[in-house]
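J.: Sequence:
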Amino acid sequence: MTTVGAASGGRIARSRELWRLFRAERTDPGAFYRRLAADGVAGLERRHGSLVGRRIADVGCGPGYYTEAFRAAGAMVVPVEYDAGELRLAGTPPPDAVLGDAQQLPIATGALDGIFSSNMLEHAPRPALVVNEMIRVLRPGGWGYLSFTNWYSPWGGHEMSPYHLLGPARGVRAYERRHGTDHKHHVGDNLFVTHIGPTLRDFGARSDVEVLRVEPRYYPWAAPIMRVPGVRELLAWNCVVRFVKR
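For what it's worth, numbering that gives the first Met the number 0 labels the leading residue of the sequence shown as 0, then goes sequentially.
Derived by calculation from the structure, the hints in this document are not laboratory data.
Mixed in with the good hints there might be a few duds.
Below are the EDC-like pairs computed for lysine to aspartate or glutamate, each with C-alpha atoms no more than 20 Å apart in a straight line [unchecked claim]:
| hint | residue 1 | residue 2 |
| --- | --- | --- |
| 1 | Lys-183 | Glu-85 |
| 2 | Lys-183 | Glu-158 |
| 3 | Lys-183 | Asp-82 |
Take the sequences, apply the hints, and build the full model.
T.: What follows is the structure in structure tokens.
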């Protein structure tokens, strides 16, 4: 196999492994999210260099899978979470976790070398404020990583998928007729319709940030689809925006 072929095979194998773990996510979330965390932190080290001693915020940290991986890499991490219950999903909350709103981060302007947020944006009612806050707390030259589940992706409705494809109102009604109303996420309360296009426009409205790359999280080799409006909303399972502050 050529070098290019080997690299391509490795990327596809990664996507298959993530899909296998995702299918068991409801019964064994730790295996899936720890694999994602290790993979994500290693990728950030390849892109931005050593994380040892770097000041990083994990926004929407939940039970702390990413915080754990960043700390294992030597970073100084501030875990931020809005929902105290999410902090305890895996038992003990991550050490030094801070209860805070991503739309108004409890972090000083320019204090961070890096900021990371995984699968939180769709749970914020005003995602543009989250984007602005992530940029605000970075120092010039600091990097950011934002991933979120876009509404029209296969998993946009979370546990209500694929009913969400019928729309936020009709889809919820269809889901509840079949499965009942006892579900974790409620559209307009703790889950919001979030799209890739408007989020990229939020970044584009800022002169102090450069978007380095936009990619589907679980198959980044398909990044070209992210340049096609409409198509990306349907085919990107999860959107990643990588950026630096100017």
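J.: The structure should be examined with respect to each hint, and the outcome stated for every one.
T.: Comparing the hints with the structure gives:
no., hint, in the structure
1, Lys-183 x Glu-85, "holds (12 Å)"
2, Lys-183 x Glu-158, "holds (8 Å)"
3, Lys-183 x Asp-82, "holds (13 Å)"
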